[in-house]
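Protein chains in written order, with the working numbering: chain S, 180 to 504; chain C, 383 to 707.
Just so you know, these hints were derived from the structure itself, not from any lab.
Among the hints, erroneous ones may be present.
[Claimed, not checked] Some chain S residues close to chain C (C-beta under 10 angstroms, calculated; not the full set):
1) Ala-282
2) Leu-287
3) Gln-330
4) Tyr-331
5) Leu-435
6) Ile-438
[As the list claims (entries may be wrong)] To list a few chain C residues with every Cβ distance to chain S over 12 angstroms, as calculated:
7) Gln-393
8) Val-404
9) Glu-426
10) Leu-492
11) Ser-522
12) Val-538
13) Leu-598
14) Ala-607
15) Gly-614
16) Ile-615
17) Ile-620
18) Gly-633
19) Leu-696
All C-beta atoms in this analysis are idealised placements derived from N, C-alpha and C, irrespective of residue type, glycine included.
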Amino acid sequence: MTSPLLDVRGLRTVFHFLDGAYTAVDGVSFAIRPGEVLGLVGESGSGKSVAGSSLIGLVDPPGEVIAGEVLFKGRDLRRLTERELRQLRGKEIAMIFQDSLAALNPVLTIGEQMAEAVTEHAEVPPAAARERAIAALRQVGITSPETRIDQYPHEFSGGMRQRVAIATALLNAPDLIIADEPTTALDVTIQGQILAEMQALARTTGTAVMWITHDLGVVSELADRVAVMYAGRIVEIGDTDDVLDRPRHPYTRGLLDSIPAENAPGSRLRQIEGAAPTLARRPAGCPFHPRCSRALPVCQEQEPGLSEGERGQAWRCHNPQEPLP
Amino acid sequence: MGTFVLQRLLQSIGVLLAVSLVVFLAVYAIGDPVELLVSQEATELERDRMIQILGLDRPIWEQYLTFLGNALRGDLGQSFVHGEPAIQLIVSRMPATFELVFFALLLACLVGIPLGLVAGLHSDSRTSRIIMTGSILGYSLPNFWKGMMLILLLSVWVHWLPTSGRGETVTVLGVPLSFLTLDGIRHLVMPVLNLSIPNMALMTRLTASGAAEARLQDYVRFARAKGVRPQGIVRRHILRNILIPIVTVVGVEFGQLIAFSTITETVFAWPGMGKLLITSIYRLDRPVVVAYIMMITFLFVIINLTVDLIYAALDPRVKLMERAS
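Build out the structure end to end from the sequences listed, making use of the hints.
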């Protein structure tokens, strides 16, 4: 087993509001090995996006990372200066966002925006940066990149813009790409294409990917390992096959049951009762207990610790599901 | 684009016609210039002769049509008071006003945009609050009062600057200019400052609100995720986007200042167009007032056209379209 590329330990991010600090990411720990794809799954408000941004210091006030270690190739990113972090961002760790229209500057050409990702990190002549951008566009399947590169974001379709964002992330051959719901806004066929391309790219370049999504279906196609987040905590983590086939946490089970494709045709789709708790109202004990069908009295009082199973599967539950045979 | 420009110029003819009618009627209603032009001791005969020479005995519609006919040949009438063609009179005053307005706006941009950036990018800081409060003061203090205070401070008390006039001028290509001589610059400083302060405040506030909005946009986040330096983010991403509203306001203010820098020109006895307008109104010099308004209208048409063209250059999403006929 190779040593992890990224090792996150006890990461805690809070948002300061007038009436106090609210914890969005609550002691999250996970690791990603080189070339591995980790799916970080959770509902809206589970803290998964904040967790992603926290890793490379992109949480803006009133948010603040207050505890934990982010060990990347042995260095703790939380101890780096803003200048050192900047040199690392886009070069060793790249990030892609959900809304590619908003993420691309409307008044700059695609070429200008891609080239700056190169020139900000190395002394590269503009022509060479342009060549690299063209090559990256071709890599993500954009036809006639030589002409497309001089166009503006509004001249691209949604899927094309997301490819541009992915191509931009690939420019410096980073070790890790943090992808924050990059396919959520796209229609299903485009989403499928991009997932397939992303997987192929991760394989060929050896880039590790942290894929943040609310869609377990996407994770099952793409990820080697999966971490399920609920109310700021990782409630279950493990190899994708283990977690999806033999979930131990009732929340993971609930998520799986609410995927239409996983259910028998004609059967009533099950759903998790209630809604995820807001930042301000996290229940005491296990945060999932008000919605949990397996809740015990202890769940209301005591937060469950981490239990470990085979092949690194781990969960936080007082009354876990028995592994199915 | 050529068609676009031509179409806009043709439209402006309609605007000019409408304005000419309104102004002609309005000036006619103000009062009878004969009372001011003919001396108290003049006989009835001399008086009637004067009215006849000026064409004031004809019905108003005939006067208007005569005016229009002459205007088509480029003749906007003779000044009652100076006996010179009105156009020539206005044009001779133009360089003084243009010089004043040009430097006032230049100064407003050079001071206002950087201040606005500082205030907008660090909107919670003390510096930002000081700048924003100062801008309210700069914008709301009345012009005539600021002018008099400047004179009191810089001329009367410390004797640094002269109180009035244009000073020594140098003629370049037939245009007298003040800013090329030391004496001219000394005369320029206070009126330019007086005209500039409210615009500095306006630029500051405009830039600040634009920057505060732009820095929260996803494209700024994406640029940071790419590892772009803070200066690069401000210069390439933020400034390019907020330049669009700034160009609009500079355009409008340019027209406004040229047309109505009357107060500043009066306070500092600056021999520009504004001063000419105010004296012409006092003396009921109808042709000059009408010609003045006509020229200003045309100026606004040209400025708006220029602003539209700059828009198209700055914002790739703007396409100048000929209206379908």
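Against the structure, the hints:
no.	hint	in the structure
1	Ala-282	holds, 4 angstroms
2	Leu-287	holds, 7 angstroms
3	Gln-330	holds, 9 angstroms
4	Tyr-331	holds, 4 angstroms
5	Leu-435	violated, 32 angstroms
6	Ile-438	violated, 29 angstroms
7	Gln-393	holds, 28 angstroms
8	Val-404	holds, 39 angstroms
9	Glu-426	holds, 71 angstroms
10	Leu-492	holds, 22 angstroms
11	Ser-522	holds, 31 angstroms
12	Val-538	holds, 49 angstroms
13	Leu-598	violated, 8 angstroms
14	Ala-607	violated, 4 angstroms
15	Gly-614	violated, 6 angstroms
16	Ile-615	violated, 10 angstroms
17	Ile-620	violated, 9 angstroms
18	Gly-633	holds, 18 angstroms
19	Leu-696	violated, 7 angstroms
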